[in-house]
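Asker: Let the sequences and hints guide you as you build the complete structure.
Heads up: the sequence lines are chains A and B, in that order.
295 is the number that this note's numbering gives the last residue of the first sequence; the numbers go up by one with no jumps.
1279 is the number that this note's numbering gives the last residue of the second sequence; the numbers go up by one with no jumps.
If you're looking for bench data, these hints aren't it; they were derived computationally from the structure.
Owing to the predicted nature of the structure, the values given are computational and were not obtained by experimental measurement.
For every residue, glycine included, the Cβ atom is placed at its ideal position computed from N, Cα and C.
Fair warning: there could be bad hints in the mix.
[As the list claims (entries may be wrong)] Selected chain B positions facing chain A (Cβ under 10 Å, derived; list incomplete):
#1 L1052
#2 V1082
#3 D1085
#4 E1094
#5 L1105
#6 L1146
#7 V1167
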Amino acid sequence: MLEHLSVLLPDMLPVAQALGRLPLDCLQAAFMQQALLAILLLAPMTAALGVSVITFRMAFFSDAIGHSAFAGVALGLLFSLDPLFTMPAFGVLVGLCIMAVRRGSLLSADTSIGIVFSAVVAFGLAVVSRTPGMGRNMTQFLYGDILTVSPAELGFLALLALGLFLFAAAGFNRLLLIALNPVMARARGVRVALWQYAFAALLSLVVMMAVRAVGVLLVTALLIVPAATARHLARTAGGMFWWAQAVALFSGVAGLLLSAQSWLGTASGATIILVACACFLCSTVWARRQGHRRG
Amino acid sequence: MPIPSDVAVRLRGLTVRRDGLTILQDIDADIPCGSSTVIIGPNGAGKSTLLLCIAGELACEGRVTFPAFGRPPRMAYVPQHVQLDAGLPLTVLEFMALGGQRRPLWLGVAASVREQALRHLDMVQAAHLLQRRMGDLSGGEQRRVLLASALARRPRLLLLDEPAAGVDASGERLFWKVLTAARQEQGFTQIMVSHNLSLTAHYADLVLCLNGSLMRAGAPHAALTAPTLRALFGVPIHLYPEQCEEPDETCAQCGAHCHSADAPACTSAAAAPSASSLR
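Answerer: So, in structure tokens, the structure goes:
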């Protein structure tokens, strides 16, 4: 279905081809150019949302959304719809449901997320288990593969990135205020419910696109590791945003290029996360040294 | 032409029920414009619930009106605490800018917002904290920054929910002092939940004694009587010993005095520190 909608999406192939002019052998292949463009679009989005995710303490939320990819794909295969459409659509639905349960229930946030999480994973596995051969299709969502990103997905990522940065420009302060104290935010005229639902919907969409890149198992890492690293390095909340961007972009590009080297030959998603984790480790050491100096 | 009212907030028959439990029952009160109103009562008395009803945060039966303003005025809310974890590198300047500028913090803080933040921080004796991280502040410093941020909105109605809870005695005294100075300067109406009876007696104009229903309302000297406080908290508390209606030998403050041969029972203001002596 995404391919049918491609006429409405911007054509990002010329941009991807332009990346082929970089003096790197591995970028001569078209799929690598597209993968690099995908990570250049995806990394800033996950970094921008990751900053809010750790401020809201919503790492488990994004994990639950990532795991709902199974059910989204299973639904697509069950109803003969393109999984690339059903997966993000189902993810947004689950994200909004979790937010509604979280806002309206007396249960703690992690309990309500855990319930929805279990339900969607169980549903996905139940559908997969009764359909012969479907398990194979699931593997790509479990581990992710950014090298197979399609031109239509690139166009969708570009649109999503534009929308997300407009949202981040309008909502960063408001979301931070909500995270600090929702009543205080409301007293200042912030429409708390609207921003929370919009955040959940956008986060769900980005998580689903990130699942394609790094897989269900590592999607949360792509959100929180750059943001957590940025917390160590930044002196201000504004600085934290930019540090998260820098770490996410560096990890994404370095991880992708490293994974393409014949001497390494590792999965691109896993390599990206490993580079991000290495950055986090370095930032932890740096923060401790700074702490000792201050102490 | 309507006559301007001097009542900022009017509560009529305000009742809140949750899951079959009545939290607030039939509250009637008039809160004067520009006053310092303090809500006192034991834990679970519905103090914060009443504050949230006034803020429009909670659905309730009865009416909350704002006669002096006609419609809900510009409000600011100072919570008991904010969800701050120590790792968040949010500076005091950025916190002040959160409500003051549309531009996202990652594009910097506007010079005018910085100037305004400094002015309001100065009002609460916290200008020196501008570049500090919120997570590094002491309890008292953090509460004053929260107050400065609320004052920056130039509210007509300021709601404070135990804003100095957990702060040491000098920090709490300073908080009330700067709050009173700011109210006198900006002229807003202030409604605060507090557990500090002596500071309430000293700084409040109107006290609402709450325990599910409104037990008493009035000026501190009229509302904070020993019988009312005993009915509210279940223990003898004497803020104004001369108001002791009958000798109470279980009272730590005046019991000994009541049994003293050379002093009349509970009639001398010298028996215990009075509210006026706290000034």
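Asker: Hint by hint, note whether the structure agrees.
Answerer: How the hints compare with the structure:
The beta carbon of B:L1052 is positioned within 10 Å of a beta carbon in chain A (closest approach about 7 Å), and the interface hint is therefore held. Because the beta carbon of B:V1082 sits about 4 Å from the nearest beta carbon in chain A, less than 10 Å, this interface hint is met. Interface hint at B:D1085: satisfied, since its Cβ lies 8 Å from the closest Cβ of chain A, which is below the 10 Å cut-off. Below 10 Å, beta-carbon pairs count as interface contacts, and B:E1094 has one with chain A at about 5 Å; its hint therefore holds.
A hinted interface residue such as B:L1105 counts as satisfied when its beta carbon comes closer than 10 Å to some beta carbon of chain A; here the least separation is about 4 Å, so the hint holds. Taken as an interface hint, B:L1146 checks out: its beta carbon lies about 8 Å from the nearest beta carbon of chain A, inside 10 Å. Nearest Cβ of chain A to the Cβ of B:V1167: about 17 Å, over the 10 Å cut. The hint is violated.
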